[in-house]
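Protein chains: 2
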Amino acid sequence: MVSLIELQRGIADGSLTPQAAIAAARARIAERDPALRAILRVDPDPVIPSTGPLAGIAVGVKDIIDTASMATEMGSSIYAGWRPKADAAIVSRLKKLGAVPLAKTATTAFAGLDPCATVNPHDAARTPGGSSSGSAAAVAAGLLPLALGTQTGGSVIRPAGFCGVAAIKPSFRLLPTVGVKTFSWALDTVGLFGAGIADIARALALITDRPGIDLCAGAPGAMRIGLCRQDFAGAADPDAEAALAQAARAAERAGATVTDLVLPEPFAAAWAKHPIVQDYEARQALAWEYATHRDALPPVVREVLDRAQALTAAEYDEGRRTAHHARRALKELFGAYDAILTYATVGRAPAIATTGDPRFNRLWTLMGVPCVNVPVPGDGLPLGVQVIARFSDDGRALAVARMIEDALARA
Amino acid sequence: MVSLIELQRGIADGSLTPQAAIAAARARIAERDPALRAILRVDPDPVIPSTGPLAGIAVGVKDIIDTASMATEMGSSIYAGWRPKADAAIVSRLKKLGAVPLAKTATTAFAGLDPCATVNPHDAARTPGGSSSGSAAAVAAGLLPLALGTQTGGSVIRPAGFCGVAAIKPSFRLLPTVGVKTFSWALDTVGLFGAGIADIARALALITDRPGIDLCAGAPGAMRIGLCRQDFAGAADPDAEAALAQAARAAERAGATVTDLVLPEPFAAAWAKHPIVQDYEARQALAWEYATHRDALPPVVREVLDRAQALTAAEYDEGRRTAHHARRALKELFGAYDAILTYATVGRAPAIATTGDPRFNRLWTLMGVPCVNVPVPGDGLPLGVQVIARFSDDGRALAVARMIEDALARA
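Going down the list, the protein sequences come from chains A and B.
Numbering-wise (UniProt numbering), the first sequence opens with residue 1 and increments by one.
Numbering-wise (UniProt numbering), the second sequence opens with residue 1 and increments by one.
Fair warning: there could be bad hints in the mix.
Note that identical chains are pooled: a pair holds if it fits in a single copy or bridges any two copies.
As a list, the in silico SDA-like pairs of lysine to any residue whose alpha-carbon atoms are at most 20 Å apart [unchecked claim]:
{"hint": "1", "residue 1": "331", "residue 2": "292"}
{"hint": "2", "residue 1": "96", "residue 2": "309"}
{"hint": "3", "residue 1": "96", "residue 2": "248"}
{"hint": "4", "residue 1": "96", "residue 2": "49"}
{"hint": "5", "residue 1": "331", "residue 2": "268"}
{"hint": "6", "residue 1": "96", "residue 2": "229"}
{"hint": "7", "residue 1": "331", "residue 2": "48"}
{"hint": "8", "residue 1": "96", "residue 2": "331"}
{"hint": "9", "residue 1": "331", "residue 2": "258"}
{"hint": "10", "residue 1": "331", "residue 2": "249"}
{"hint": "11", "residue 1": "96", "residue 2": "302"}
{"hint": "12", "residue 1": "85", "residue 2": "15"}
I should point out that these hints are in silico values taken from the structure, not numbers from a laboratory.
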């Protein structure tokens, strides 16, 4: 993988130019992407700023995020060749920092659960996860140092886990969603993929102009970590269980106190309401596509929208109320814990026919709290664990994630 | 003005066909709009459903709301001729109900404070208010029975007050904003203009599939109303003061208890933070326009964005925290009041060089609570008062507004 921080270092000390860094990314895409199918299109002639904190950083942009210079197709034939007028807010921000939004990355249709063509860089018969399939795979295969994804259920953390890359789904609306195709406005969250935790912390701090996010990079001291199995969501695979235990031991070696955390009642209820909130909003957000192009929708998205037609405002309101209660309970809970450690995925990447199961991700998307995938070293296909902190404390989530990443690397 | 409910009655009893109702709207636009400049373009060949609860209802769509069949220009030369791919969610919903989104209505650029060409139907030298200038004027002049606006500061209630039409800025996100140009995602709210309170209640109930919103149409019993002058926002004109007193007396005649309500501390602070939250988000939402077309922005929007470049994340966070505290305090406050009654505008419509001052509107937009403009009958240019209820109780706000509207009419 290509580290954003190492690229920054090379550009700062003059051993690398932004032009050369972007050319190298372009060459890696040309060489490796034909087998990966992570990249949909590359900007033939982008502006390459020679200065700026992210100068020389080539960024992959999930293809539900608007770019004025490249088509934005939402993973769907309905939007074939569609050119938005404006860049999404996050794309404008990256350009202002000197980065180059070089390529559009493959997405499942409308960021739903129908697989797209991208394969897992570690095994072409396996899914890279979804819906941010291309972004996770492109970073994992070393094509790009940074890529944008979005998460409504588990669309950032799950592919990061399956591909073995660092990723953050930040606090709700920490990154702007203007110009991002909506599935559910209460849930859709822009996230980042990178080679390591320090890389995504650096990127998030710069993009949000919040240096504090990058400051806790050192050892954060004696952390209280709640080890959480989300029993209400069903069991994880033995491999994921072992990865969680491995990460917990690493945290303890680094000085953290790790205790079991069984989530009290409101959380199981909130977890169960996630699809109702999501699908009731998706019915509205995708109403034009459903009314005018239903037959062109892929089967899973179509079925979700078919079923969503029957949802009522009362069910939606009840779902939002339940989520609100759980958010308050979570705030209380974080009085006793600095972070929660849980599964990132059910297990290793399954066969390519699905994008995997987001069941250990969706509660946290509904809570709006920052979630980080930490890859867990081992044999075979990648596994990761998920570190979660309180709303708006993205720096803490990243600091704990980095502590675990370091401790795992030293083991 | 043209009443939505009366059109529905005519269509239900067979005295009017949807085709004839739409043709009549088209004829009124052709006849009266040249002097008004409320309408930017009319769909030459729309689908006119013969059934559906809103069959025969011609709707004006503010030109920051996407329509696939008509250009959407955001009130700016930057978007001249721009055709979105998809209808906004609210437009799709209207079509599904049988309505015809017949015309795009004039908006100030990006829903900011620079005036557009529309004049006040009651006096062509006066502003119709903004930013939903065309929607308010089109309903006031009887061109259309229903029009969509948006409010980020006071862009629905203010033009409704100046033009003398009923309008609601509903609870935050009660109506979907997908496909609506963003200025501030924490504030932007889609609203409705109509001939009377019953008309907008009917429309809102149908669009949201929440029949309860339309059920409280009768006398809502002994209501506790807080008469609020928002002293922190400065004084209203004597005319507006008199209209507020007139509405308060009408409410008392209808059986309500009206007591003075001086808002406690957190509200003045929240009111002062509104522009910080708004402009910090606008800087991100309009980053592409600012980076690539700054010179084409009209002066007020450009100046807002120029100044917004200096805002910090810490200032924004402090603004959001202050708003959050005030929202909690407001929830408590509504234990003692069914509704708040306050100014809709500072006074009557000023000269056309501005769109008026939103200072009595912006706190409530930040609070996310439903606000209704009730026109107050009298001589000269229109005046209105604003009725506010707790978050998510839009039906209550409309019921109290209707009670006051009825009592004013009987006076």
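Mind listing which of the numbered hints don't hold for this structure, in increasing order? 1, 3, 6, 7, 8, 10 and 12
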